[in-house]
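> Once you have looked at the hints, place chain B on chain A.
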Amino acid sequence: MNNNDTEHGAQAADPGSEGYGSTAVRLDQGHIEGTGRLPERFEDPGFAPHIARAADLDEAAAKRAEKQVAAMFGVSMLGTLVFIVAYFAIPMESQVFIPGIGKANLSNVVLGVSLALGLLGIGVGAVHWAKTLMPDEEVVEERHPLRSPDEARGGFVKTMLTGGTDAQLDRRPLIKYSLGGALGLFAIPLVVQVVGSLGPLPKDELSKTMWKKGDRLVRDPEHTPIKATDVSIGSVFHVLPESIKESEHVLEDKAKAAVLLMRLEPDAIQVAKARDWGYDGIVAYSKICTHVGCPVGLYEQQTHHLLCPCHQSTFDVTQDCKVIFGPAKRPLPQLKITVDTEGYLVADAPFQEAVGPSFWERG
Amino acid sequence: MSTTAHTASGADRLRANDPEPQTPAGGGMKAVGGVAGWVDDRTGAAKGVGYLMKKVFPDHWSFMLGEVAMYSMIICLLTGAFLTFWFVPSAGHVAYEGSYLPLRGVMMSEAYASTLDISFDIRGGLIIRQIHHWAALLFIVAINVHMMRVFFTGAFRKPRELNWVIGAQLSMLALVEGFAGYSLPDDLLSGTGLRAAEGFMRSIPVLGSYVSYFVFDGAFPGEAIIPRLYAVHVLLLPAILVGLFTAHIVLVAVQKHTQYPGPGRTNDNVVGFPVMPVYAAKAGGFFFIVFGVIALISALVTINPIWAYGPYDPSPVTAGSQPDWYMGFADGALRLLPGWLEFEAFGFTFSFNVMIGAILLIPVMYGLITLYPFLEEWVTGDKREHHLLDRPRNNPTRTGIGMAGIAAYAVLMFAAGNDLMAIKLGLSINDITHFLRAAFFIAPPIAFWITKRICLSLQRRDRDLVLHGRETGRIIRTAEGRFYEKHEPLDPYTRWHLVQHEQHQPLQLEAGVDENGVASPTARKDRLRAKVSHFYFKDRVEPVTPAELEAAHHHEAHHPEAIEHQEPGGAPLVEMARSGAGDNPDATEHGRQRG
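Heads up: the sequence lines are chains A and B, in that order. Add 3 to a position in the first sequence, counting from 1, and you land on the number used in the numbering used here. Add 625 to a position in the second sequence, counting from 1, and you land on the number used in the numbering used here.
Only chain A is shown next, with the shape it has when bound in the complex (with noise of 0.2 angstroms):
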């Protein structure tokens, strides 16, 4: 145990020898102190040692950094040149076939592959130069307090507070209060110009689709018929009504008419209500979705699930559509249909509420 090795015990004190260290303490007992020897914390040692770079001892090194900081703009110089070529001469149609990556548009390629080569030369090329010849001894910068000196500052209260007074604000307090309210007020004529125009009040707009008695349903986008009995069990027609034809603001009627049609086994229905508001097993719901809108664009045959493709609300067509999993809280709202005198499907009235997410007003 006497292996007092150098690098473990060289600063330790020679036991029985004067000063620090003589008196050992254990550490779970407190500091050392008293000795007035030993500095509480430690103290900055001060910039490390510079280590100087290959470059900087090394004229050849230095060339040679030289050489590929000029190289690397010269990629950057060939990466310019090889899109001003391309641009050119490579046809915007050309597919290219890259490992990995699969078929990609030939032009966009080798447009983005020089112009990036044309950017990183230049880049690599400036950093490797900083890197390996611009100096790289640390500067080192004194900072001074930010807070502006005392004299500065009341000099500031001072002209401000002066300011005030040679403008006789604190002895006009008319003045003071009037330019208050005007300042206060003289907005509100440019947001009541912007908000108020910005649109149309609601009304009762997003409570109503075009759905009317008599409607018939026509296939979307084909805007075909349909026939109670082109409805096979399990199938699913995505519907519109057929006055969308002559809609003037097709986009807007259809984001609130969609409606999507479905035949089950009109024993798999299990509430009355849906039963009588279809035909025969065929059920009509709204498919714009009461959480946020979203089209209700999922089906599952088997389990007669439908499922909103953005946030996951699921809803059962056996069970008028009620919510049996994810965010939304409603049912989609049905539509009651019946067959005309042809046998077409129609709208046996308008849907008894608003369709799609839900609002402040709508209950």
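Hints are supplied without guarantee of correctness; some may be wrong.
Lysine-lysine pairs mimicking BS3-like chemistry, simulated, CA-CA at most 30 angstroms apart [to be verified]:
no. : chain 1 : residue 1 : chain 2 : residue 2
1   : A       : K161      : B       : K783
2   : B       : K1049     : A       : K325
3   : B       : K881      : B       : K1008
For the record, the hints were derived by calculation from the structure and aren't laboratory data.
Just chain B now, kept in the frame of chain A:
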């Protein structure tokens, strides 16, 4: 010109005594001096610009994160200006006649048709469009990672609270700017995003349907939203972003950059390299590197192939509809919020299942982020200027809070992919959603606790390293046959990194009454503050003091660490793995017991 003799006449006579223009000093300066001198004669800029060129910035890779954000923003501005030359911000309907065959003859908005033209009929248009989109994605990544760097190193402390606030607003506006731009092409995916956005607006109590009708100028989708978003995207928000960014960068220059602690680096200096020539080359070069990398990605990886989605139509939808990544957390929140948060009362509908995630989440999140520096300042009571950064481990509670925030964000982010995870991993989407709902509440405290423990452990390891030095891997056998591993003490420069920091002490609760027994009016606030301070700083590991180091050396001089010795006839046993384990009262225990 200076040789021309003045013929003093008329108004010029007033100038007769003007000094002759100075010729620039030094032969080498002549070329620069010619133009620069002309400008300086008229602006006096030489002094200020000269000062800026000499300005010192510290060097660290993490300081480049903000640079990446700055450069991606510049790239977005540049490529965005290009795109405005061809993009038509109109919802007016046209039949497509461009060269992308699958959509020939299809009715679509001019916005969508012109985006197709940019992609297929304008030479180099696709690469510019892709650079614009990739740069925007990188912009928001870089802002967020930069913000994390600033948070975890405590760079937001006085005097930089203001810049933190500006940065948080920049980050939030960048989300809005990104969403506005992403919605412009009017393709099926972005239109579905706008459809959802309309649903979000409707969830606002009382005003919802009005907000929707005002924003869309009537029923969704209408024809107004594209030109309106365009104005917001190319004019309004860029102006605010550039303005705030300018304030952000000017404050960095005025306050001088923070620096990591190290030998020679103090709270009163900046140690690094001057702009001219080092950062002119490094930061200037880095702009080209960022631009080059984005160009390379844009050349090889398709982003937002709007031609594959088709024009917007409210009826169809694609499975796996998702917004750009930065909106993922909000989308995920919407997927997790349960439907029962919607209810009807007094004949009105309260849609909290939508409003919390879509309307409140982003302002609340950024509000908390914005307020954090002020909370920490209140807890520590520390009003000093801080220019030296914290190593994240040295402030375990702050680092833990940051990681808890990131964990909550990550849960929401994962939730936005619950459908994809269900498909790819063959799991039930219901299970994933239930799990993530729970995880949103459970993961942040766990992340906080784990992070804090890791930070404390790392600090103990730092102590250990300072006290016992580096393990050299050299095994020494003593004359008696004992083995020990030689440790090498740290040099003072390396050691300084590990011992330079200060630890905050928890605030002591004052009596709450003054010497006359009168209750302090702030007693309740003080109690709260003492409690929070206790939460922050009760667990801490003090840096090694010189006295402790001395004692450790003394101790080790007599007990070289035996790493193993042979039991007679038995397997080698670890006797004392490292000092600090086992029954030896040892230096590291000091730190451990405090922790």
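> Each hint should be assessed against the structure and marked as holding or not.
How the hints compare with the structure:
no., hint, result
1, A/K161 to B/K783, "27 angstroms, holds"
2, B/K1049 to A/K325, "28 angstroms, holds"
3, B/K881 to B/K1008, "18 angstroms, holds"
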